[in-house]
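Residue numbers (the numbering used here), protein chains in the order written: chain S, 1 to 311; chain V, 1 to 332; chain E, 1 to 335.
If you're looking for bench data, these hints aren't it; they were derived computationally from the structure.
Just so we're clear, the structure is a prediction, and the values are computed from it rather than from any experiment.
There's no promise every hint is true.
Cut-off 20 Å, straight-line C-alpha distance, at most; resulting in silico cross-link-like pairs (PhoX-like, lysine-lysine) [claimed, not checked]: (1) V:K78 with E:K247; (2) V:K115 with E:K247; (3) V:K183 with V:K155; (4) V:K78 with E:K231; (5) E:K231 with V:K57; (6) E:K125 with V:K79; (7) E:K125 with V:K78.
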Amino acid sequence: MTREIKIIETTTYDSYATSTKLQKWGKNLKNIFKDLKKQPIALIGGIVVLLYAVIAIIGPFITPHSGIEGDLADRILPPVWMEGGTWNHILGTNEQGVDLFSRIIEGTRVSIAVGIIATTISVLVGTSLGLIAGYFRGWFDTVLSRIADLLLSFPFLIFAIGLMSFLGPGFLNLILALSFIGWVEFFRITRGESLSEQKKEYVEAAKSIGRNPIKIMWSEILPNIIQTIFVLATLRFGYMIIMEASLSFLGLGIQPPTPAWGSMIASGREYMLTGWWLSTFPGIFLLILVLNINLLGEGLRDILDPRMKTK
Amino acid sequence: MLEVKNLTVGFKKDESWIKAVNNIEFSVNQGQIIGIVGESGCGKSTALFSILGLISKPGEILDGEISFGGHNLTTKTKKQWTKIRGNDISMIFQDPMSALNPAYSVGEQIREIIKTHGTLNNGKNNFFNKRKQRQKEKEKVIELMGEVKIPHPEKRYDDFPHQFSGGMQQRILVAMAIANNPKLLLADEPTTALDVTVQAQILELLKEINKVHNTSIITVTHDLGVASEFCDEIIVMYAGRIVEKGSSYDVINNPCHPYTKGLLNSIPTISEEKKIIEPIKGNVIDLAKVGEGCGFYNRCPYATERCNAPVKMTKINENRYVRCIQYLEGEV
Amino acid sequence: MKLIKIIERILATIPIMLGVALIVFLFMRLTPGDPIDLMMGEGNVSEAEESALRSQMNLDQPLHIQLKDYVLQLVQGDMGESFKKNRPVSELIGETLPATIELALAAVFISAIIGIPLGVYSAVKQNSLIDRIGMGGSFLGISMPPFWLGIVMILIFSVFMGITPVKGRLDFEYTIPTITGMYVIDSLIIGDFAAFKNALSHLFLPALTLGASMAAIVARITRSSMIETLKADYVILARAKGLPEWKVITVHALRNALIPTVTIIGLEIGVMLSGNMIVETVFGWPGLGRLAVDGIFNRDYTLVQGVVMFYAFVFVIANLMVDIIYTYLNPKLRV
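The whole structure should be built from the sequences, with the hints applied where relevant.
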């Protein structure tokens, strides 16, 4: 009888625990939105980022002109408010006669895509490895930590440049390169948190009743660190976008004719005297996006992780 | 020597003021040791800090006068304070480890207070022979460290705070505080963070300084035992007001106010046999909710409706005061 | 005590450097395509020349022997020869290094001069106008890609205002003897003020660009560190001792608050190395970064390899120095 009761108790506890955890997460999300409304700046940040994401998806379908093909007869036209500008090309045209505004809009897709995918991969890989390493310790942990240290001994951009120059330019290679270094940070944080959470009593309690380690990691440890991860991921998202732009600027990322802000800025350099807008406007769009991502990230940090709230 | 009159200190919260210190009044004679006793949040530390003008936003002195040597301390400017603090009035803190700057040696930190006030040079800084003055100051520091019974002070001058034990660190703070022979020494729970045996030593030290230099001491503590051993006079505070005042013997042995009685009843004693410890029922009232009446109302076993009206501080004897209607009516 | 720890740390960097060498080496050898073909480009090269080059570069040996030779060469300071320029890589690095150091030092200087006082002021006078503007500005600074900032700077200062030159380190009519390799210093040493002014005008924009983004980070770290430190008991005690407020802020608070700032600056050196590549490219600054970028585009693999190794080396050394300085600044770690 007692054994049966214990089994029932354990399974009930399991489903209870999972359902309460899920409820907690759900409630958390609702709370987040509520708190976010209180912080107008972060809210604006979120809205703008969302706007960019929407543009990334539907942008190429609504641009006034093609972002890739242009009329050479119309090359390097100034923006509408300057002499020689027309409403046809609000922000002017580039050296190949392509409408700058349309090209910038199409470039959004690249930046957002790279940012999201690279960040997501980094988070998934880094977090899972970190959880496992923190939980099981042993040689797995040691090896991975050494690798992490090694990767961190390079400045991010240099490593990315190195990787890209050997892999060759292109969308997939770019994502690979960025994720290759990006996971380390999430690994470190997750591992650290996993280690400290492990020492807490509830984990020991769960272990002592013999719960599946994966379950423990998922339902006990993960919820506590997910907020930190979320904040960090948001901030890293902005950083990945800057990285993509820097690499494209150097010609190592997304190659023309695919529109990418970085390469637009690079090619605009030659025309600094005759067409300053070619380099300036893509950069402004980039700046606004990253700025708002950071605003959102900082706002989220203030809400979700008060102990990180030093700035 | 020091007179506090109608002192009210508030903290601004959402457009209203919370009175951490509500119209308190007391005086200190030269050479006296006064203890302010009460639970956390009763305003005792705030009262202490306001004597040295160390209340900062969102706190403010809303009313009252602190009279010291003929001056009113509540109106002092920042510049004027630099002459008073560390010189006429000093302070020691609760947690000596965090009160000492980890980046500088202990000797240098003590020397700083001497240097700042030019004590060895009649209040001025000797620009001409800095090295000589520094040497003199160093000697004085070593002398002070000896006075507070730090062994081998010459060797320990260059040591850093983390190289000392808690008791030693507190002695360093005391050395700093008495360096310029102040008239008044403020001690914010000086022994709370220390072991019991060390506590006794520090209190002994402070008593000695009081005797030798005739320095007045105001100490804030939540420990009635410390207060009874150490202080000449005890002031009991609750929810920002003084509820009882008197000589320590009187207050401990013949408590008047229900709160004081409750405090004494809740202390376990080794000597008495089989005494039941009676905790005071309820919790300390939220300071924001304290009205004009007695702050102890919601926990007092003798309270009636009349306690909700303002209660005055009443003198019941020479140097014996209490703020309680029920006591005066003999109900307590 | 301290010395042993320093030696320990230095020794700890060796495995890291070996790991770096391994990674760089592996990349070289494992990238798709025959390195010789990639380097030769389209030119028609005879079989003989090809195999001569192959054996010269050890490419006909098994991988582990190549690695061993590579590491041995590295330790002796030999990083091979640049293919395109036909000169030893170490020599090329030596030539371009002073330019990069000059830029880096100027950038650190600017970031400290702007960042630290701004951070301190913002912490002491929180929510003042300067605090809000300063923090807003620094927020902008970390959101901005440095290469874009550089271009905008050039547009504003050189193209529209015409007060600074567009590219390079020095207009060709000036020559400065090489004492330290840093034009600004050398021209002062020999007293050539015209050259000095010219060199400075060239240095100004790139240093400002690089320094501005760093200043943003320095300001934020200093501010948050100061805010925390100002709450400490020892700061209150310093006031209670009668010290004037400025002394409380500088002598007591800042001394402790700067520790994270200095650490970050040291670590940012690594980031600056990366930023250098881009800023140097934008401004045509003939430093290590531009050398590397050129090497990448010219497919000059030995050169790129050497520069990357060197960067990693500097980064590791910089981290080491930061560790050591941190120990010095934080007496608790000394004993």
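| query | Hint by hint, which ones does the structure fall short of? | reply | 3
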